[in-house]
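**Student:** Respectively, the protein sequence lines represent chains H and Y.
Mapping the first sequence onto this note's numbering, position 23 (from 1) lands on 683, and the numbers just tick up by one.
Mapping the second sequence onto this note's numbering, position 43 (from 1) lands on 445, and the numbers just tick up by one.
These are computed hints drawn from the structure, not numbers from a lab.
Be careful, since some hints might not be right.
[Said to hold, decoys possible] Computed list of chain H residues with no C-beta within reach of chain Y, every gap over 12 angstroms:
1. Pro668
2. Arg671
3. Lys674
4. Met679
5. Pro699
6. Leu729
7. Lys730
8. Leu738
9. Ala742
[Said to hold, decoys possible] Calculated pairs, DSS-like style, for lysine-lysine (alpha carbon to alpha carbon, straight line, at most 27 angstroms):
10. Lys472/Y with Lys674/H
11. Lys669/H with Lys730/H
12. Lys472/Y with Lys764/H
Only a predicted model underlies this, so the values are computations on that prediction, with no experimental measurement involved.
Even for Gly, the Cβ is constructed at its ideal location relative to N, Cα and C.
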Amino acid sequence: NAGVTQTPKFRVLKTGQSMTLLCAQDMNHEYMYWYRQDPGMGLRLIHYSVGEGTTAKGEVPDGYNVSRLKKQNFLLGLESAAPSQTSVYFCASSQTGLAATNEKLFFGSGTQLSVL
Amino acid sequence: SQQGEEDPQALSIQEGENATMNCSYKTSINNLQWYRQNSGRGLVHLILIRSNEREKHSGRLRVTLDTSKKSSSLLITASRAADTASYFCATDVFGNEKLTFGTGTRLTIIP
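Next comes chain H alone, as it looks inside the complex (with noise of 0.2 angstroms):
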């Protein structure tokens, strides 16, 4: 049971470059989560879905893109890379919603992400 995957493990961009990374969870969640972490300010929500076809903006959504076309994949764009967005980003998925009771995030190992 491979949990949370995520493709690639780094990357490195030149400014204007556009990349997809790929969330794969083969638990059967309902929610998915995209967040990046930066040091010193822990993580920040991105976007996230709450299921198949259906995205919404996080806390940062702005120079992202997601796409929930199938459960079990959640992909994060960039349209045009910035150095602002080197980051770590990290995938997370969950049975149901925060709004239930005794709910927990399940995370990737994370893509490390450097924009030139």
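Since chain H is already given, all that's left is putting chain Y on it; use the hints.
**Tutor:** Chain Y only, in chain H's frame:
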């Protein structure tokens, strides 16, 4: 703005000692959770405490919650080298699907 702030930012203790880290938050919450992150890895859920609970235990972990002070503490007893990691508190509010993380405490256990 960040909902949670951990204190201290960094903590070094000898193996076998107890480690205590604190978390403060700003608004009324539904649940508060603690996560551990080993270097270069994703976060792993440790324990969840509901807003109507005051204390919870799980193995060597003890979490307290004081909603009047908007604060929580995580105690790790009899620390081990494997406990070396960063620890984050995270909160959610009623009716909101966002889990908001604090800035973390970096814990180092000295063998």
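**Student:** All the hints need checking, so say for each whether the structure fits it.
**Tutor:** The hints, checked one at a time:
The beta carbon of Pro668/H sits about 15 angstroms from the closest Cβ of chain Y, which is more than 12 angstroms, so the claim that it is off the interface holds. Its beta-carbon lying about 15 angstroms from the closest one in chain Y, Arg671/H satisfies the requirement of being farther than 12 angstroms from that chain. Chain Y leaves Lys674/H outside its interface by the beta-carbon criterion, the shortest separation being 25 angstroms against a cut-off of 12 angstroms. With a closest Cβ-Cβ approach of about 20 angstroms to chain Y, Met679/H is found to remain outside the 12 angstroms limit, as its non-interface label requires.
The non-interface label for Pro699/H is inconsistent with chain Y: the shortest C-beta to C-beta separation is roughly 9 angstroms, within 12 angstroms. In this structure Leu729/H is separated from chain Y by more than 12 angstroms, as the shortest Cβ-Cβ distance comes to about 20 angstroms. Remark: the non-interface label on Lys730/H is consistent with the geometry, its nearest Cβ contact in chain Y lying 20 angstroms away (cut-off 12 angstroms). For Leu738/H, the requirement that its beta carbon stay farther than 12 angstroms from each beta carbon of chain Y is met, with the minimum near 20 angstroms.
Residue-level check passed: Ala742/H sits 22 angstroms from the nearest beta carbon of chain Y, beyond 12 angstroms. Of the pairs offered as hints, the one joining Lys472/Y and Lys674/H is violated, with about 43 angstroms between alpha carbons and a cut-off of 27 angstroms exceeded. Simply put, Lys669/H and Lys730/H have alpha-carbon atoms about 21 angstroms apart, close enough for the 27 angstroms limit, and the pair holds. Restraint check for Lys472/Y and Lys764/H: the C-alpha separation of about 21 angstroms stays at or below 27 angstroms, so the hint holds.
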